[in-house]
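Peer 1: Spelled out, the chains give:
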Amino acid sequence: MQTPIAFAGLALFADLSGALWLPESATLVVADLHLEKGSSFATRGVPLPPYDSLATLIRLEEACTRLQPRQVVALGDSFHDVEAASRLGPGVAERLAGLLDRVDWLWILGNHDPRPPDRFAGRVAETLALGPLLLRHEPEAAPAPGEVAGHLHPKAGVVVRGRRIGARCFVSDGKRVLMPAFGAYAGGLDVFEAPIRSLFPEGFHAYLLGRDSVHAISASRLTPGALPRLRR
Amino acid sequence: MAEASLAEASLAEASLAEASLADEPATLPVAARLAAPISDWFAGRGWQIRAHQLETLAAAQAGHSVLLVAPTGGGKTLAGFLPSLVELAERGPRRPGMPGSGLHTLYVSPLKALAVDVLRNLEEPAREMGLGLSIETRTGDTPPAKRDRQRRMPPDILLTTPEQVALMISAPDADRTFRHLKRVVVDEAHALWGGKRGDLLALGLARLSQLAPTSRRIGLSATVADEAALARWVGGGTPAHLVKGAPGAEPQLRILASEERVPWSGHSARHALGEVLTAIAGARTALVFVNTRAQAEFVFQDLWRMNHAGLEIALHHGSLSPEQRRKVEAAMAAGKLRAVVCTSTLDLGIDWGAVDLVIQIGAPKGAARMIQRIGRANHRLDEPSRALMVPANRFEVLECEAAVEAVREGALDPEFARTGALDVLAQHVLGMACAGGFEADALYGEVTSAAPYGDLGRTDFDRVVEFVATGGYALKEYERWRRLARRKDGLWVPAHPAVSRQYRMNVGTIVQSPMIKVRLKGGRTLGEVEEWFVEQLRLGDTFVFAGEVLAFQGLREMAAMVTRATGRDPMVPSYNGGRFPLSTFLAARVRRLLAEPARWLSLPAPVSEWLGVQRLRSIIPKAGELLVETFPRAGKHYLVCYPFEGRLAHQTLGMLMTRRMERAGLKPLGFVASDYALAAWSLGDPAGLDMGALFDEDMLGDDLEAWLAESALMKRTFRNVAVIAGLIERRHPGLEKTGRQVTFSSDLIYDVLRRHEPDHILMQATWADAATGLLDIRRLGEMLARIKGHIVIRNLPRVSPLAVPVMLEIGREPVAGEAMDALLGEAADALISEAMAVD
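Residue numbers (this note's numbering), protein chains in the order written: chain A, 1 to 232; chain B, 1 to 839.
No wet-lab data here; the hints were simulated from the structure.
For every residue, glycine included, the Cβ atom is placed at its ideal position computed from N, Cα and C.
Don't take every hint at face value.
Which chain B residues face chain A? A few, computed with CB under 10 Å, are given here [claimed, not checked]:
| no. | residue |
| --- | --- |
| 1 | Arg-483 |
| 2 | Asp-751 |
| 3 | Arg-755 |
Sample of chain A residues facing chain B (criterion: CB under 10 Å; computed from the structure) [as the list claims (entries may be wrong)]:
| no. | residue |
| --- | --- |
| 4 | Arg-44 |
| 5 | Leu-48 |
| 6 | Pro-49 |
| 7 | Ile-58 |
| 8 | Ala-144 |
| 9 | Gly-157 |
| 10 | Val-160 |
| 11 | Ser-213 |
| 12 | Ile-217 |
So here's chain B without its partners, still in its complex pose:
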């Protein structure tokens, strides 16, 4: 086998450390071994292999796992595959019909589409290098026969997703499939590691290391704040060796200084869309990012209304039908579009070379997300990415300023050290039982080698195993019907064959909320919307969806039937998904910006004027303070505070705060939360309240407990946990158990479990999810601790300028804070006499 066109030597630790320090030019002799077909291929194209590609190769050849952090467009994917290509070139091509020596490289990506794209981009060079490799993808769409064959006769390189990895390692013959595995490439690691999918993959990687002890991992990632933590996640037991790509050119980031007045509130940025259209016209291809699907629909409609030049502008979000999305992506790839209005669905994905401008409508909510999105423009390292931020309201102007400042400093939102979710662990434990059984001590060791579970105590592990085996209840009623049995040799195995079937139906951590298809009468399916939205529609109601105004014509054949319409005030499905709360990191910067009037000079005039008047009429809080204002208005009393902790934490605060106001006899009527502020209104005057007591941390004790009993958010969280953990079966299209039934029965289970075994492991998992998820309790707790003794109170005669934005949200947002009975009473009261009439 031919070898090494570059320096060839065994790698000293010192040279590795040096190499990782900075962006050394590629011409430096780096101790990597490159096979002739590969160096020839590079030379044939007149390409220079890049420094970080060589470093990755060298570190991998030295037997390390590697984390490569580089901006988009740096040849990251190729770097990830280079060690595999060299080894496979050394092995030599397979003869036709030869079964080969088993799977060599497993590539895992968060997106199916990315795996397919990588296949295309890898097959060609592999063919040109004459390596004779078999490269295949495996996704949910792969036919069962092919999957089966892939398990028995694996290709050299398999491109797949975390869910498929879980399925493959749970097969009883997984050791045969993976025993020759040398490399695992995890693409877009930054997008995976922070969530439950990352937990699942980390557990899968730990298992792969057991099946193939000599295998090593390569993680590919965009820039993250805590590289060391991500390196630990990629490496498992030993942190991965960190390689950093050269930073791309500084992005050109601009905030749209609109000629129009900046609105007080709202999220549609309608005032600036004319200027957005001009920006699109001035670019080759633009990606227009918005934060929610509803916003995407609005912006798309409005842009077309003024698009007299007929620029090709398309729409892309997660509720549109897959066919529709594929069509847009294909048109984009073919260079036929001038702009796509999109949500986070396009945060990741295939590179489109033609994109030269990214427009962010509405504030980005986090610096890391902004950098990720900016990176979607211009995938050439030497040219700067261009991005335009379009704040939709005054607070968003502040947030955009803070984001620009963060991006310039290269400062990113810090990730919180993630604790692996117990529901995901339960799923994995069941999978490992299906994979021929496990020995508890060994599995515990394996699980704790995965970074998210590094601190998992043995007691919790045992409780999870017990949950999987019998349900794990204090009342030992279910011993007879256990799912797992412990054999004499100590191995935990499925108690009956149905268990494996159940497991395979339930793999994965993504739990869909019940969705209903939207179909044009006599035509195609446009996409799907949340069931609860459809439940509110009456015949003839119009709404905006898939870029069209539609009229609801009733439910038929598993779909909401619609016709095209021209409604004057169509509703917009205000989907649950896609709404990110303002990151803690960016929030702190916004508070600082607010507290320093000298910096307001750079703000648009209406915004600095707004803040100036606030200073006169009320006060501008210092960065560490919480401002609480009270004022009367139209027969009610208002209390507005400005924690800047994001909508979720504010909603939880609102729930707890109004309970306290209720007890203080203030008769609270409701509240509204934004990312920046919280406004509550009541019949009684809160001016005399002890605000220190109102915002005391102890609200996270009994009050929280009492509220959670009723909280629909907690029930929704429990439902996801119960599905992932395998307590409730997942919804499968076409199967009888519908999403609705799952929702309903999981609520009943929650009520019973909460009352009779509140310490159950799934309640513990639900609580952990709620603390960081829909209720954001952790952040609320940190805020309450932070502002203790730093509350500034202003009892005002009338509404303050700073309060206006959140006050304008009242009436736009459903009013929170009313209990079920108050609302039911509202429906019943008017009709009670009718109800009582005796026919």
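Excised from the complex, chain A in its bound form:
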């Protein structure tokens, strides 16, 4: 279920759920939940299945049950937009409240959710320092040793036996960690896109979320996706 991320002197684990597990402080970090992304499309006339928040929270509950964290850090963009918290259906809102009751919860603010969600409990912060680690939503463009960030929704692909397999992934060069989006409807950005690649000038490993385990693959083995590069 977990693969260690090579990181100077620290125990960091890429969990298959897409969360980062820090056993020393029993902290579970999840990035970019994008709750109620589905209903935000519905308001624009695209009625995507309304189960994305539920699916996201069920996966988070499973990780919490399995790992029993003391603390959960939601690394920003937890809600897809400022109205999202108010759109949560009753059952789903209860589920989230239940989670918040069970663990110490920290909302880190993101660009999609710049205001603390007043409907729900939990502490609110811009960043969190955890030993040598600094947790924040958006990665710094400059070198930032010890940074754990989200925001960019990394994904990567690899060609094996004539087939390209793509998946969400963690990205790390042993100095900083970029986390995959946790939300069920959160899309992805190829790791070779400039915003991600520029964070790791000396190369990186991607930790791809497979179905049964997390696979560490070096950048040299990965194959860039075609269309993201063309869009620019």
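Position chain B against the provided structure of chain A, taking the given hints into account.
Peer 2: Structure of chain B alone, referenced to chain A:
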């Protein structure tokens, strides 16, 4: 108004029935009314109006819808327009500037090019007859201003495509455009009715009948197996009156008896291309059909390599740029080419009089397709079409034999009764809301008058309406943001104006997979290839495309940049498209041929020898049996079976079978499927397996369900359904949402929907598509039922002759059967220590 040079009488039912019975000579008095300008025109050219043209006219004038089934070259198109021309001649010419009395005839063709060609071929006689008609085309290329004018001031005759029909009937003023409509001509009906485009058109025709209740339809079709079913499709509520044209001369169909040895496997027919070139040299103009674009590239390259005489040979397939294709078509029309190597892109289309030979490379996969292709040669009824079939491997020799036999008997692959797709219905429902709103009961009645939806239950219809209105989820979260609202008077209408805009952007049933342009550095665009192919290329990789060897130089400005190269072993894009599975009908004939050694005498010596040795070393299965062979080879164990059910069904079988082998502890490693056989290999020996259990139908239950969860094919199917149904926006060039994003987000939606509402109407539609489409589950199910209790097992010490062809596919085809994690693990394992190194 002058009238009737021929017999003029009201038409008795009896005479119609008689007329439709057979090919009566044109001189018989048929009760049709012909206007003077038209009979004069015929007489002026010394032409006799043909029997089936008169019959079509008579039946149409008697108030029937008509299905005219006739081979190419029989004056079918003219027959389709004759009733319109007579009525318009009776009406008299429009005065210049006079707005006219509205659209009289709507002509629908599956091909834009065909509509344009018909315009040319219709304008001239109409002018010569002095009818003073306005005839126009309307396609995706027609400028918006002209389309708008066509809606407000329609021409007498409009030539268009199914998508444009959908757009026109969704306009709020559609009733004004169509209220005087008298005739709808559906060309190449056989090519339309079997798919989603046909569903869309059938729904459109049903609406047109509402807008213009007196209008009637004329369907034009090549020969089909089930004429009655097609007549129902054309007619809607009442089956169309069937008129049959005289059959053309018997085609001269020959299988190339190559001097070279027939290869064991492969699809390029390289061994026979010298003889193909000789055949081209001996013909005026030849169409060389192949089954895939990749094959087209191969064959084209190889033909030119040996084309020392410099015969003008061109290439035509769906990935080439439209300009390139138009150029080839124009050269063809001008008689400047000796041959075109082409795919199904030229199955339909403009008649080229000069074509006198059709060459089919590789087996035709279906008898109907073969007949269609043969019909592309020699469009004169009295001369036989000449066709040459070139089997590329030994199994294809059997398949070609079976096809020849079928063509001689005039036997065609039976069409399956088609059930209209629910995603297409959803699109239509949204369109009808945009067209000024609909009343549910009335629309249900209208929809079920279209043949594909004749059996549609009210519950499913209501679920589709609910899907369009709110998404139709069990969780009623989206009531607030509904797309359709129900007014007090009961009409369903768009909830806001953006809905109509969304609909218009999304019309149609053709969903492109993400494509990337291929452009010569500093030069022109050659065409486009699937995105996934480009994603596998590294800088400098060479590949064959558009008849050239190209080197990949990177991605720039929305295109894959390439230079000309001379690679030794260039890759060939093995496109997804264009690969037909062997038809059930032809498969049954191949099995019979195989089971009757007496008939092997007519086969080339290497082939009958191959089968003879198989009989000695293993067994030749009877027509109703499934042969399963096991044997060890190079440290692995192989299981090979021969269902002859086509690649798609075999791939699905392979997936399900290896899951069972996994559970039996055999450690399967992979499998490869061909149209004829399936080979799986494992570490454990399958010889002791209970084959009855391995091939039990119950694999279509839980195992299938479990596998579908991971299946990329299922996700691809869902994506198409979601786009057609309007859940996901279609990709538009230049707009931000790229095909890639659609693919990605539709996978996420699929995963969520499958888990949380597996019975949703779109999942139901996806399943229905998968059953007949990429997974071919229906055919697999029929096969498993058929072979129950008829499995013949041979545990052999070594590979059998019959197994060789599929064994040779191993290594050529990507190995299927590995799950995502196994493959990712392969990429990761070698590097895991590197990954874990602490810098």
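Peer 1: None of the hints should be skipped; say for each whether it holds.
Peer 2: Here is how each hint holds up against the structure:
no.	hint	result
1	Arg-483	holds, 5 Å
2	Asp-751	holds, 7 Å
3	Arg-755	holds, 7 Å
4	Arg-44	holds, 8 Å
5	Leu-48	holds, 6 Å
6	Pro-49	holds, 4 Å
7	Ile-58	holds, 9 Å
8	Ala-144	violated, 16 Å
9	Gly-157	holds, 7 Å
10	Val-160	holds, 4 Å
11	Ser-213	holds, 6 Å
12	Ile-217	holds, 5 Å
Violated hint for the displayed structure: number 8, the only one.
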